[in-house]
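Asks: Put chain P with the ligands on the given structure of chain W with help from the hints.
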Amino acid sequence: MPAPVIVARDLVKKYQDFAAVDGISFEVASGESFGLLGPNGAGKSTTMRMVGAVSTRTSGELGILGLDPDVHGPEIRSQLGVVPQSDNLDTELRVRENLLVYGRYFGLPRKLVAQRADELLAFAQLEGKEKARVDALSGGMKRRLTIARALINDPRILLLDEPTTGLDPQARHILWDRLFRLKEQGTTLLLTTHYMDEAEQLCDRLVVVDKGTIMAEGSPAELIRAHSTREVLEVRFGSDHNAEVGARLARAQGADGHRVEVLPDRVLIYSDNGEAELVKITEAGLRPVTSLVRRSSLEDVFLRLTGRSLVE
Amino acid sequence: MNVTTGQSTDAARAIAAGRRSRRWGAWYVTEHRLRMMRTYTGTVVIAGIGSPLLYLYALGVGLATIVDANMGPDAVDGVSYLVFVAPALLATAAITVASEEFTYPIMLGYKWNPTFTGAAASPIRPVQIVDGVVYSVIIRMLVNLVLFYALMVLFGAAPSPVGFLGIVASLLGGLAFGTVIMGYTSTLQEDTGQLAMVQRFIVLPMSLFSGTFFPLAVFPIYLQWIGWISPLWHATELARVFSYGYAEPIWLTLVHVAYLVALIVIGWAWSRRIAVRRLNS
Ligand SMILES: Nc1ncnc2c1ncn2[C@@H]1O[C@H](COP(=O)(O)OP(=O)(O)OP(=O)(O)O)[C@@H](O)[C@H]1O
Ligand SMILES: [Mg+2]
Chain W
1 MPAPVIVARD LVKKYQDFAA VDGISFEVAS GESFGLLGPN GAGKSTTMRM
51 VGAVSTRTSG ELGILGLDPD VHGPEIRSQL GVVPQSDNLD TELRVRENLL
101 VYGRYFGLPR KLVAQRADEL LAFAQLEGKE KARVDALSGG MKRRLTIARA
151 LINDPRILLL DEPTTGLDPQ ARHILWDRLF RLKEQGTTLL LTTHYMDEAE
201 QLCDRLVVVD KGTIMAEGSP AELIRAHSTR EVLEVRFGSD HNAEVGARLA
251 RAQGADGHRV EVLPDRVLIY SDNGEAELVK ITEAGLRPVT SLVRRSSLED
301 VFLRLTGRSL VE
Chain P
1 MNVTTGQSTD AARAIAAGRR SRRWGAWYVT EHRLRMMRTY TGTVVIAGIG
51 SPLLYLYALG VGLATIVDAN MGPDAVDGVS YLVFVAPALL ATAAITVASE
101 EFTYPIMLGY KWNPTFTGAA ASPIRPVQIV DGVVYSVIIR MLVNLVLFYA
151 LMVLFGAAPS PVGFLGIVAS LLGGLAFGTV IMGYTSTLQE DTGQLAMVQR
201 FIVLPMSLFS GTFFPLAVFP IYLQWIGWIS PLWHATELAR VFSYGYAEPI
251 WLTLVHVAYL VALIVIGWAW SRRIAVRRLN S
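Going down the list, the protein sequences come from chains W and P. Counting along the first sequence from 1, when you hit position 49 you're at 49 in the UniProt record's numbering, and nothing is skipped either side. Counting along the second sequence from 1, when you hit position 85 you're at 85 in the UniProt record's numbering, and nothing is skipped either side.
Isolated chain W, as found in the complex (with noise of 0.2 Å):
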């Protein structure tokens, strides 16, 4: 196996007294899909930065291409392409200079930046927005030229900070697919999300990460079989009802050795036939106002691990 383009070793970064990222390891294999899950504040930005080599480790070890970024910051960081969490576009240039003035920052010749910002422009789909203004872009578009700005130096590495918060559905789909050929033609994609269907699509591999620390890593299938049932039951009784009939259901099903999850708006119970629990319910006098049987995702592994939502 070649050598991990990134390691982290207990990377801890401390605010004062507060610990952002309390003792995180991972290791990122070239080419490879890498995700960060978790709720806001979880320290993935903070994470991202120490990888970046924009911000300095407390302690631990970091080493990206087998570089230290407390001394090789710049080396590194000429191999990243970096999409951060908010766009950081210079709106007072248009859209193509914008990535001619950045592809500069690596040193490239005028020429080929020039030529690059053209082919990026058409993988982003911004053919005709040449000479736009940034700020008469939609965020969809804005968040693609930043791609597209982080990819002029042709990275090795591309760090993605939740790349589709904010965005509406269509927009995230062209996003994904973006980014999706970008992952085909191998390049390595670290990145964070709170959305699990974005990690889902996008990761090889992901760890949960919850108030700086690292709940859980493998695949999205391995995590879901490893912290969840195959399928699960969402029933809903109306926001009176719910706690009580939530209460109810735990002692029932819980009984049966399923776990139940008394939400706010709903009641999740974890079986591997979620029809057949649906049946026991109604057989039981119980009436939800609608119910649904689906199967276990990455979010039904994140309330495991933390007993909260992801997105809250």
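Since the hints were derived computationally from the structure, they do not count as laboratory data. Glycine included, each C-beta is placed from N, C-alpha and C at the ideal position. Hints may contain errors.
To be verified - Computed footprint of chain P on chain W, listed as stretches where at least three residues anywhere in the stretch have a Cβ under 8 Å from a Cβ of chain P:
| id | segment |
| --- | --- |
| 1 | 57-64 |
| 2 | 235-245 |
As the list claims (entries may be wrong) - If you want a taste of the chain W side facing chain P, the calculated C-beta under 8 Å gives, among others:
| id | residue |
| --- | --- |
| 3 | Ala-3 |
| 4 | Val-54 |
| 5 | Leu-67 |
| 6 | His-72 |
| 7 | Glu-75 |
| 8 | Ser-78 |
| 9 | Pro-84 |
| 10 | Asn-88 |
| 11 | Asp-90 |
| 12 | Leu-278 |
Replies: The following block gives chain P with the ligands in isolation, referenced to the frame of chain W:
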């Protein structure tokens, strides 16, 4: 296993790729800044020609008529009022550029449109971002000052053949003030009116008490200290030495230079330090 062997081909490639930015990074930032300034080239040129024209005409011709009529052709300092005031206006032009370029654009880069954060994610180092900004302002300042000086010559306001050295003096003054202001602006997390205060309580008094329109000596001694600490006064006096051979002891001329250079060194280093701290959090 050591995580940072630095032995792989990946590492070797990174080290090769980082070389150019390590050396030239600041200039890439300058390129970026100049491209941004291009969006207001019109303003730069119009302000660069318009404001000296206005000042030279209003003060150098208008006010000078009264001053010279009352006090003779050797009105102030043994020269006409126009010749007296012109080098001061030149130095003031540098301060004006500095107060524009080292305030809001810095706030913009750190906060409002964080292009500094963007640059810091590339191989560019924080200190190079600061250097690049300074270089770009030097270039813009030179454009303004050369235009201004050309107009001074046209107005017959720069009698000495070495008067053009006033451009260098003004540049030093602009940078001395500007780099310190950049350091201060860099420390701001939020602009809750501080930048407007700089204009009102630093730039404006500085232009009134720096021997611009009349010699500092006309003020009572308890107001003259404003001039002594003012980079504008030092730059103005220096520009006058070059422009019409204003007589002052040589040690004082050296003090002007030393003071301005010291401020530049301090302001520049301060700005660099804050950039390192702010862009690596
Ligand atoms: N510069 C800083 N100074 C102090 N605290 C910080 C700083 N940056 C982050 N934190 C804190 O560290 C914790 C982790 O922040 P981080 O931005 O890494 O979370 P995140 O997982 O990216 O969350 P989100 O999903 O909201 O982006 C938060 O509690 C945050 O308030
Ligand atoms: Mg974040």
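Asks: Run every hint past the structure and note whether it holds.
Replies: Hint check:
Proximity of the segment 57-64 of chain W to chain P, defined as three or more residues with a beta carbon under 8 Å from a beta carbon of that chain, is established by the 3 residues found. Given as covered by chain P, the segment 235-245 of chain W fails the check, having 0 residues with a CB less than 8 Å from a CB of that chain where 3 are the minimum. With a least beta-carbon distance of about 6 Å to chain P, the hint placing Ala-3/W at the interface is held under the 8 Å criterion. Look at Val-54/W: its Cβ gets to within about 5 Å of chain P, closer than 8 Å, so that hint holds up.
Interface restraint check for Leu-67/W: the shortest CB-CB distance to chain P comes to about 5 Å, inside 8 Å, so the restraint holds. Hint status for His-72/W: holds, given a least beta-carbon distance of 7 Å to chain P, under 8 Å. Taken as an interface hint, Glu-75/W checks out: its beta carbon lies about 3 Å from the nearest beta carbon of chain P, inside 8 Å. With a least beta-carbon distance of about 4 Å to chain P, the hint placing Ser-78/W at the interface is held under the 8 Å criterion.
Checking Pro-84/W against chain P by beta carbon gives a least distance of about 7 Å; that is within 8 Å, so the hint holds. Below 8 Å, beta-carbon pairs count as interface contacts, and Asn-88/W has one with chain P at about 4 Å; its hint therefore holds. The interface hint given for Asp-90/W is met, as the beta carbon of that residue sits about 5 Å from the closest beta carbon of chain P, less than 8 Å. Checking Leu-278/W against chain P: minimum C-beta separation of about 50 Å lies over 8 Å; hint violated.
Hints 2 and 12 from the earlier list are contradicted by this structure; the remaining hints agree with it.
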